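Chains as they are written, first to last, in this note's numbering: chain U, 36 to 296; chain L, 4 to 138; chain P, 24 to 316.
Be aware that a few hints might be false.
Unchecked claim - Straight-line alpha carbon distances no greater than 20 Å define the calculated SDA-like cross-link-like pairs of lysine to any residue that follow:
{"#": "1", "chain 1": "U", "residue 1": "LYS159", "chain 2": "P", "residue 2": "GLU58"}
{"#": "2", "chain 1": "L", "residue 1": "LYS19", "chain 2": "P", "residue 2": "LYS36"}
{"#": "3", "chain 1": "L", "residue 1": "LYS94", "chain 2": "L", "residue 2": "ARG121"}
{"#": "4", "chain 1": "L", "residue 1": "LYS69", "chain 2": "P", "residue 2": "LYS36"}
{"#": "5", "chain 1": "U", "residue 1": "LYS159", "chain 2": "L", "residue 2": "ARG134"}
{"#": "6", "chain 1": "P", "residue 1": "LYS95", "chain 2": "P", "residue 2": "ASN74"}
{"#": "7", "chain 1": "L", "residue 1": "LYS69", "chain 2": "P", "residue 2": "SER225"}
{"#": "8", "chain 1": "U", "residue 1": "LYS175", "chain 2": "P", "residue 2": "PRO226"}
{"#": "9", "chain 1": "U", "residue 1": "LYS175", "chain 2": "P", "residue 2": "GLU132"}
{"#": "10", "chain 1": "L", "residue 1": "LYS94", "chain 2": "P", "residue 2": "GLU184"}
{"#": "11", "chain 1": "L", "residue 1": "LYS94", "chain 2": "P", "residue 2": "GLU132"}
{"#": "12", "chain 1": "L", "residue 1": "LYS71", "chain 2": "P", "residue 2": "SER224"}
{"#": "13", "chain 1": "U", "residue 1": "LYS159", "chain 2": "L", "residue 2": "LYS19"}
Don't read these hints as lab results, they were simulated from the structure. Nothing here was measured: the structure is a model prediction, and the numbers come from that model.
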Amino acid sequence: MTAKEQNKNPAEPVAKEERAVSKVKLIPVYIMGRRYEVPEGLTIMKSMEYAGYKFIRGCGCRGGTCGACGTVYRKPGDYKLQVALACQKTVEPDMYIAQIPFFPANRAKFEFEELTSAPEEIFKIYPEIFRCVACNACSKACPQGIEVMDAIAALKQGNIAEAARLSFDCIQCGLCTSRCFGELAQYHVLQLARRIYGAKIAPKAKHLSRMVEEVDEGKYEEFLEELKKASEQELKKLYQERETEPMTAGEDWVPKDTTYL
Amino acid sequence: MSVTISRKKLGSEFVKKVKDISGQNLQLCYQCGMCSGVCPAASNMDLSPRQIIELARLGFEEEIAKSKTVWICASCLACTINCPRGFDLSKLMEAIRLLTLRKNVDHVRPEQISLDERSELPQIAIVSALRKFTG
Amino acid sequence: MTGLAYYPGCTLKTKARNLEEPAIASMEVLGIKLEEISRWNCCGAVYSLSNDDLIHQMAPVRNLIRVKEQGKNKVVTLCAFCFNTLKRANILMREDAEKSNTINSFMNEEIDYTGEVEVMHLLEFLRDEIGWGDLTQKVRRPLRGLKVAPYYGCMLLRPREVAIDSVENPTILQDYLRALGATPIDFPFSARCCGSYQIVSSPDDISGYAWDILSSASSQGAEALVLTCPLCAYNLGQGQRQFTEKHSGFKEMPLFYFTQLLAIALGLDPALCQFQLNYAEPELLLREKNLLP
Numbered sequence: 036m037t038a039k040e041q042n043k044n045p046a047e048p049v050a051k052e053e054r055a056v057s058k059v060k061l062i063p064v065y066i067m068g069r070r071y072e073v074p075e076g077l078t079i080m081k082s083m084e085y086a087g088y089k090f091i092r093g094c095g096c097r098g099g100t101c102g103a104c105g106t107v108y109r110k111p112g113d114y115k116l117q118v119a120l121a122c123q124k125t126v127e128p129d130m131y132i133a134q135i136p137f138f139p140a141n142r143a144k145f146e147f148e149e150l151t152s153a154p155e156e157i158f159k160i161y162p163e164i165f166r167c168v169a170c171n172a173c174s175k176a177c178p179q180g181i182e183v184m185d186a187i188a189a190l191k192q193g194n195i196a197e198a199a200r201l202s203f204d205c206i207q208c209g210l211c212t213s214r215c216f217g218e219l220a221q222y223h224v225l226q227l228a229r230r231i232y233g234a235k236i237a238p239k240a241k242h243l244s245r246m247v248e249e250v251d252e253g254k255y256e257e258f259l260e261e262l263k264k265a266s267e268q269e270l271k272k273l274y275q276e277r278e279t280e281p282m283t284a285g286e287d288w289v290p291k292d293t294t295y296l
Numbered sequence: 004m005s006v007t008i009s010r011k012k013l014g015s016e017f018v019k020k021v022k023d024i025s026g027q028n029l030q031l032c033y034q035c036g037m038c039s040g041v042c043p044a045a046s047n048m049d050l051s052p053r054q055i056i057e058l059a060r061l062g063f064e065e066e067i068a069k070s071k072t073v074w075i076c077a078s079c080l081a082c083t084i085n086c087p088r089g090f091d092l093s094k095l096m097e098a099i100r101l102l103t104l105r106k107n108v109d110h111v112r113p114e115q116i117s118l119d120e121r122s123e124l125p126q127i128a129i130v131s132a133l134r135k136f137t138g
Numbered sequence: 024m025t026g027l028a029y030y031p032g033c034t035l036k037t038k039a040r041n042l043e044e045p046a047i048a049s050m051e052v053l054g055i056k057l058e059e060i061s062r063w064n065c066c067g068a069v070y071s072l073s074n075d076d077l078i079h080q081m082a083p084v085r086n087l088i089r090v091k092e093q094g095k096n097k098v099v100t101l102c103a104f105c106f107n108t109l110k111r112a113n114i115l116m117r118e119d120a121e122k123s124n125t126i127n128s129f130m131n132e133e134i135d136y137t138g139e140v141e142v143m144h145l146l147e148f149l150r151d152e153i154g155w156g157d158l159t160q161k162v163r164r165p166l167r168g169l170k171v172a173p174y175y176g177c178m179l180l181r182p183r184e185v186a187i188d189s190v191e192n193p194t195i196l197q198d199y200l201r202a203l204g205a206t207p208i209d210f211p212f213s214a215r216c217c218g219s220y221q222i223v224s225s226p227d228d229i230s231g232y233a234w235d236i237l238s239s240a241s242s243q244g245a246e247a248l249v250l251t252c253p254l255c256a257y258n259l260g261q262g263q264r265q266f267t268e269k270h271s272g273f274k275e276m277p278l279f280y281f282t283q284l285l286a287i288a289l290g291l292d293p294a295l296c297q298f299q300l301n302y303a304e305p306e307l308l309l310r311e312k313n314l315l316p
């Protein structure tokens with residue numbers, strides 16, 4: 036069945052049991068309320084594709100870091116809502132699944148360069164953080180196990196560094212906001228906290244600043260020009276004869292050519 | 004002011020809800036006016052605290068809705084501790100506010116707080132205002 | 024040095040550092056180390072007054088759970104607003120079995136809590152566990168000649184079940200001031216509300232409340248007010264700013280936190296008091312009275 040035919044007849048499943056490969060156990064899962072049988076051991080995402088769904092949203096890196104595939108599921112007989120990333124979580128029998136590929140969370144507009152590192156900047160941009168009632172629904176909804184409530188609490192106390200530290204693993208899936216009683220967009224607020232921390236609070240590596248200065252002053256211009264002009268043979272030779280720091284080198288090791296140190 | 008009391012109003016949903024949310028026995032009040040006397044905001048109110056209880060007890064939902072009284076109450080509890088009948092008026096004020104807030108009608112929006120205020124107000128001011136005046 | 028669990032509250036970490044810093048240093052002089060509980064969250068500032076909603080109780084209860092799970096059975100706060108919320112939530116958990124059950128079942132990621140912790144305001148602690156006599160003995164720079172009006176506000180005294188002193192005729196702040204060598208000035212509006220959260224929704228009303236309170240204190244001869252709450256400090260400070268334009272004869276009144284007076288009286292470095300965060304230059308008054316080193 037072509038995609039066009041599938042669109043006309045959504046009730047016709049593409050995956051039928053005849054496709055099942057022998058020796059692979061099939062387990063039932065419920066995708067968007069509809070029952071399918073999928074091979075055990077697949078991730079939620081793969082099992083949805085096995086069932087015939089084609090992802091045009093709610094799918095990204097397939098590697099657990101982009102936050103596109105936020106998924107909510109439930110097991111029979113249990114009222115608890117559980118969360119996972121579809122690309123990471125393996126299916127379990129009778130999982131009742133729905134995806135949250137996008138949530139209309141408030142993403143405020145601001146000029147980042149004009150912000151200082153004071154916590155009041157965040158209070159100005161996202162005053163709704165004061166609606167947090169510490170219900171912890173956000174932390175329960177986080178597939179990365181982040182203590183979202185604690186991060187917002189730290190922000191209310193003016194501690195941007197702590198908020199940045201606690202929310203480090205955030206992948207911006209938005210599940211926290213979907214469950215928030217106070218209707219704040221935790222993942223946007225905490226991203227701002229991390230940005231302010233990185234750009235304006237975290238100590239800057241001095242050697243990095245110095246390197247950037249040297250580049251701006253043109254210290255490497257000549258070297259780069261030479262490389263650009265070099266032929267393929269010359270480049271190969273330079274590469275093969277390059278000097279690398281030995282594994283056993285001490286703090287005092289220096290290369291033979293110290294021009295660019 | 005003159006009002007018409009009716010059985011329909013006395014037994015209305017409004018009265019039931021106000022009793023449930025406040026957990027108070029509205030029949031306790033004998034209109035002594037002590038609450039109005041000690042209320043620091045009374046001079047700014049259109050309906051006095053004493054009038055609010057009576058109107059609530061009798062089911063006058065619209066008159067109360069038109070009034071700004073519950074929205075300028077600061078929950079200072081002076082009324083509560085001074086009531087000779089042990090009626091907690093602060094809880095009645097909260098119940099009336101909640102009837103509006105729970106319909107998703109906010110009294111204060113964060114956008115109404117100016118940027119300067121968001122920066123200068125102590126956090127407890129914004130937290131408490133949003134808790135009291137948003138749903 | 025005895026440890027004492029301490030709940031700061033969000034404002035004390037930013038705008039009201041001038042309430043917290045002198046407290047920590049002063050309590051050390053008195054042999055107590057204020058130990059901030061870890062993983063605390065905003066207590067919600069106001070106690071929810073509705074009978075049927077429990078979600079707003081979660082914030083203060085969670086903090087009490089933190090105290091319990093960190094092995095402490097007592098927690099002290101400096102901010103009167105936080106004190107009131109935590110204490111009222113505590114009473115709820117102790118007295119209402121059904122609600123306490125529901126809250127505990129909902130917060131199933133936390134240990135159960137049924138009111139095992141005692142909530143105290145620092146003034147109570149100073150009166151009941153240190154004692155005015157012992158406090159006076161530690162005073163190095165008695166606040167002689169400083170006429171201070173004790174401003175209780177609402178949250179230390181209302182409702183009755185949380186009051187740290189008599190609701191109608193409290194004396195704890197006056198006793199405290201006397202213990203530090205200052206002269207307490209009684210005035211009729213010492214427990215009248217400053218307007219609280221109305222500063223956000225009806226800010227024009229605040230200058231009226233501030234005028235009632237401050238003009239009364241001033242007419243009784245007070246030179247300053249002593250406070251226990253950052254919202255009172257903001258409202259009375261802002262209120263003063265607004266009405267000094269209308270009432271040009273009024274002399275601005277410095278507003279001290281009770282912990283700042285404690286630090287000065289104990290002879291600590293005034294820099295701890297962070298007076299730059301106060302309203303109306305309290306240092307000028309202290310210098311006039313020869314109370315600064």
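Taking the hints in turn, this is what the structure says about them:
no.: 1; hint: U/LYS159 / P/GLU58; verdict: violated (31 Å)
no.: 2; hint: L/LYS19 / P/LYS36; verdict: violated (43 Å)
no.: 3; hint: L/LYS94 / L/ARG121; verdict: violated (28 Å)
no.: 4; hint: L/LYS69 / P/LYS36; verdict: violated (40 Å)
no.: 5; hint: U/LYS159 / L/ARG134; verdict: holds (18 Å)
no.: 6; hint: P/LYS95 / P/ASN74; verdict: violated (29 Å)
no.: 7; hint: L/LYS69 / P/SER225; verdict: holds (17 Å)
no.: 8; hint: U/LYS175 / P/PRO226; verdict: violated (38 Å)
no.: 9; hint: U/LYS175 / P/GLU132; verdict: holds (9 Å)
no.: 10; hint: L/LYS94 / P/GLU184; verdict: holds (15 Å)
no.: 11; hint: L/LYS94 / P/GLU132; verdict: violated (30 Å)
no.: 12; hint: L/LYS71 / P/SER224; verdict: holds (12 Å)
no.: 13; hint: U/LYS159 / L/LYS19; verdict: violated (40 Å)
Checked against the numbered hints above, the structure violates hints 1, 2, 3, 4, 6, 8, 11, 13; every other hint is satisfied.
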